[in-house]
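On the provided structure of chain X, position chain R as indicated by the hints.
Chains as they are written, first to last, in our numbering: chain X, 24 to 308; chain R, 12 to 282.
Think of the hints as simulated: they come from the structure by calculation, not from any bench.
Just so you know, nobody snuck in bad clues.
Pairwise CB distance ranges, derived in the manner of DEER restraints: (1) Asp227/R <-> Met296/X: 41 to 49 Å; (2) Gly225/R <-> Phe73/X: 26 to 34 Å; (3) Lys138/R <-> Val163/X: 56 to 64 Å; (4) Gly225/R <-> Ala293/X: 33 to 41 Å; (5) Asp69/R <-> Leu294/X: 48 to 56 Å; (6) Gly143/R <-> Met56/X: 20 to 28 Å; (7) Leu126/X <-> Glu174/R: 27 to 35 Å; (8) Val286/X <-> Gly143/R: 26 to 34 Å; (9) Leu23/R <-> Asp202/X: 12 to 20 Å; (10) Ala119/R <-> Leu159/X: 41 to 49 Å; (11) Ser269/X <-> Pro107/R: 43 to 51 Å; (12) Pro49/R <-> Pro85/X: 43 to 51 Å; (13) Gln197/R <-> Ala293/X: 40 to 48 Å; (14) Asp202/X <-> Val203/R: 31 to 39 Å.
Under 7 Å between C-beta atoms, here's a sample of chain R residues computed to sit facing chain X: (15) Val29; (16) Ile33; (17) Phe53; (18) His103; (19) Val122; (20) Val125; (21) Leu127; (22) Gly131; (23) Leu134; (24) Leu135; (25) Ile154; (26) Leu235; (27) Phe236; (28) Gly270; (29) Phe271; (30) Leu275.
The C-beta atom is built at its ideal place from N, Cα and C for all residues, glycine as well.
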Amino acid sequence: MTGPRRSTLAIFVLAPGLFFLAVFFVLPVLMLMQISTWTFTPGALMRAGFTLEHYAAFLTDPFYLGKLALTARVALVTTIVTLVLALPLAYWLVRARFAGKGLILGLVLSPLLTNFVVLVFAWIVLMGDNGAINQLLRAVGLPAAKLLYSETGVVIALVHISIPYALIPLIAAVSQVGDDIEAAAMSLGASPWRAFFAVVLPLCGAGLGAAAFVTVSIVLSGFAFALFVGGDSVLIVPLLIWQQVSKTLNWPFAAAMSVASLVIMLAILALGMWLARRLGQRVSA
Amino acid sequence: MKGHLARNPVLLVFVLVVMAFILAPLAVAVSIGFSSSPFLVFPPPGVSTKWIARFLSDPDFMASLRVSLALASVVTVAGVLIALTLAFGLSHLDRPHLRAALSGLILAPLVFPVVLLAVGLLLLLAKMDLLGSPIGLVAAHLIIVMPLCFVTIQASIDRLNPEIASAAASLGAGPIRVFSTVTLPQIWASVVGAGLLSFLFSLNDVTFAAFLGGPDTQTLPLKLFGYVRYRLDPLVGAVSAVFVFTTLALILLADQLVGFDRILGLQGDRS
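Chain X with its partners taken away, still in its complex shape (with noise of 0.2 Å):
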């Protein structure tokens, strides 16, 4: 079969597919843009405008920017925690041999394919001050810890949920620095650790990239993590763009927190990623 009638069969039945992502994904993301610069009247809803008040009452109010910072804090946090934790367990997971890696690689995933009100009922059994986490801490001597309610808790709480996601992009990234990379490494005298850290770890930076990727956006949809673990000590932006979406019924308002929000981590992450190229070139260098 010719060419040119071969991708004119493979537009044709591409097209539905491509015409719900249209609609129910590009379209809602863009009325998302849209509809963060319309008016809102409390009680009238929302009314078709152009102002950018929102924009303006999110970025400069002194409450906002500071659950603006600490929301861009526990992102960061979270971030550098779960690639510290998940990057040995990808590298593991693809190197080592053994029977039945199918089954470890579904149950290591499986939280991410949990509903989350499990895992908050989890973690608030276990974070509370009387709760497990505190009983095992007394009983080795330790000081209880204050974690339910606390920043801590709600950055453990998605550390847990963000390494599952984090691991496929970082396994996809490990597996393609070939195992003969590493060995000719260490023929050359480098002690396995050291293959990994100067060979295997710079190779891995789009993994790391994509998997920062993945954590931040966990974060910006942690509003549940948030609501029950950190209550109301730790408001972060998702929270705030779940009240107005429920309570307040303020949509311009949450449209405009959830595109500035947006734009802000991923011009951090940017940045993070690039300070850490800059770092990776100097110590190699």
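Below, chain R without anything else, positioned relative to chain X:
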């Protein structure tokens, strides 16, 4: 030659600790579902199935379970079918750049922050007068399920020997015939696996249900979400236990059919 890092004991201990951290919350939630105590205590003082029985005899929870199962079934069938057309279409597209761009677009919803997507869909569905309707929620789930099925099926198509399909084509079979009689029988396991993952996603979703749901879409996770806001007792553990066991069972089945090592592009132990 020096020992490989993958067999290093320090790395092994680190990996085991991280895996324990990943699985511990699920284990804790399940164990409370089998608690004999009327209160939320961990570790549970004794084992009993009374909370599970209470869940299974609660008409409200059972009604929302039926809603969830119906929703997940529709989403699964639709998601698999659309993903199949996308995978088939892309594999027949002769322009590599367009193919890469389209596959990026198809996968984009998987990395977009879910809450922001939910707000966008809220605006769209309100305009279409579908807010709170089952159709709206099906569409929302499909936006995640479609790419999920697509990667799973694509991973399997990539492993096929292209010569078998070209042999069929050279014998005069049209592309649709080749796909349905040659390709599909070779990838059916991944299609079923993709279906299982879709079913699990839809069954477990809270975010879309919370943002876009209405009285007709009170799914079980949403019901549980509302319950946890006002009450904490071992009943939540019992529902969690049912969720976790269902999830694990379907994950095991999906692994048997497709192999997560394959979906993730690893060379598995199976041939």
